[in-house]
Amino acid sequence: MLPPVIVVLMLISFTCGENPAVQVILTNKGLQYAKHVGAGWIQERLDRVTLPDISGKILGSIYYTFSGVTITRCDFPEPSVEFYQNVTGFKSSISGLSVAVSGRWMTHFGLIHDGGSFDMAIFNMDVSSVVELGKDADGHLSVASVHCEAQVGNVDMQFRGGASWIFQPFVEHFKGRIKGEIEARVSVYIFVRFISKVVFSLNVDENFTFDLPLTGIPLINASSMNLGLKGEFYDIQTHTEPPFEAQPFSVPEQPGYMLSVGLSEFTLNSASYVFYSAGLLQVLITDSMIPPYFHVHLNTSWMGPYIPQLPKMFPGLLMTLQIYAREVPMFSFQPGVVQMGFQGAVKAFAIQPNGTQTPLFKLNVDSKLSGKVWLAGGRLKGSVTLENFTVTLAASEVGTFETDVLEHLMKAGMMLAVGKLNVELGKGVVLPRMMHAQLINTVLGIEKVSGFITISSDAQVVLTDRGFN
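Residue numbering for the sequence shown is -17 to -1, 1 to 452, as defined by mature numbering (1 follows the signal peptide of the UniProt record, and there is no 0).
I should point out that these hints are in silico values taken from the structure, not numbers from a laboratory. Idealized CB from N, CA, C, for every residue including glycine. Hints should not be assumed to be uniformly reliable.
Now the in silico label distances, taken between C-beta atoms and shown as ranges [what the hints assert, rightly or not]:
(1) 131 with 318: 46 to 52 Å
(2) 398 with 125: 51 to 57 Å
(3) 263 with 319: 27 to 33 Å
(4) 378 with 402: 28 to 34 Å
(5) 68 with 102: 39 to 45 Å
(6) 51 with 204: 42 to 48 Å
(7) 370 with 307: 34 to 40 Å
When you get a sec, could you build the whole thing from the sequences and use the hints?
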């Protein structure tokens, strides 16, 4: 029987041998909370379960069919559930489960047909189960029932309509069949209901996706479950692997919290690689794009003080600047800080009267930024610092020139941009809500680790008038 186990998946909204870039740890505290809120959710929805038709024959030649069998009432006690290392799964049990069902019966004997309705009640059923978790070929979480045993205290079954008196002597046979179908059907229903909600990829937009298949089977010990997920950004069209791999890391278990999530720097770098490969890390700057309050003009005359020969060779012409990344920007998680290196370039062009563009020069712009992130008031906040900024002349069609003054000017502009960014980062963003839960009591771990950051948190299930959102 699956229900107590699949409830666990409510708190986890994420190729063999690969190192995971994302790890999710569900602790026993989280498992017990999931069990508690899940029991009520299951009870609320069991009356929507319709069992498959049950067919057979009695007395050798009278054929019968039970159809439209639905659960009309269920007393679903809170189950017990625990991590089970023997089969990499869960062990659960329920005591005192009672179920009432109703449906239609039909018989035929040659040309004689009959039918009516029936009600059945199963009292004080004790169920114990063991469920094994695994990974299928597509990296999706697989769930298999290894053991399920039920003991029924009492059964009451009544037939109505037609020649229902014929069925009463065979109640023991019928109730056994229907009891088995109830056990299997309820399990399958809960399994499908939850497993369909587990997200293994998230489309960022129409071009990119965030891929979250399992990289191996779940790891389970007596107190927690660890899911290793690929955590990689892809271009939907090309699906090209980046030229670097996720490095192994280990997320420390935090038993005082319901769950912990570890995010490797590989995830951010895979996103950076996707955007770089798609040509999105570039921009074309024209004079009309510069705000008036900058008192800067993008033309050969204005550039004269910095490149004296430029206005003589190309007098009075507007210019464009093509700014782009020369290499994939790479993030690095270090104790207490996130670092990012950006190797960029600026190509300058003069716009001729006929609209053609003449190349002028190319500057290499290399910068290093560091950032800090923290949690405050339920919001994720941060700040960025410009650590290093250099400008060098890479190529020129107008002759050599000094870049010191241009570097100072460009650095000032960069500092202004960083300042505005910090204003927004200081406001922070609300922590994301999982499928049916809001993170609470959240702590961020970046002070003592390299290569990844961790978030440990409790969760609170968000209910509406209809139950879960």
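Cross-check of the supplied hints:
For the hinted restraint 46 to 52 Å between residue 131 and residue 318, the CB-CB distance of approximately 48 Å keeps it satisfied. The supplied range of 51 to 57 Å is met by residue 398 and residue 125, whose beta-carbon atoms lie about 52 Å from each other. Taking 27 to 33 Å as the suggested C-beta distance range, the pair residue 263 and residue 319 conforms, at roughly 30 Å. Judged by the Cβ atoms, the range 28 to 34 Å given for residue 378 and residue 402 holds: they are separated by roughly 32 Å.
For the pair residue 68 and residue 102, the supplied restraint of 39 to 45 Å holds, since their beta-carbon distance comes to about 43 Å. A hinted range of 42 to 48 Å holds for the C-beta pair residue 51 and residue 204, which are about 45 Å apart. Hint check: residue 370 to residue 307, Cβ distance near 21 Å, so the stated range 34 to 40 Å is violated.
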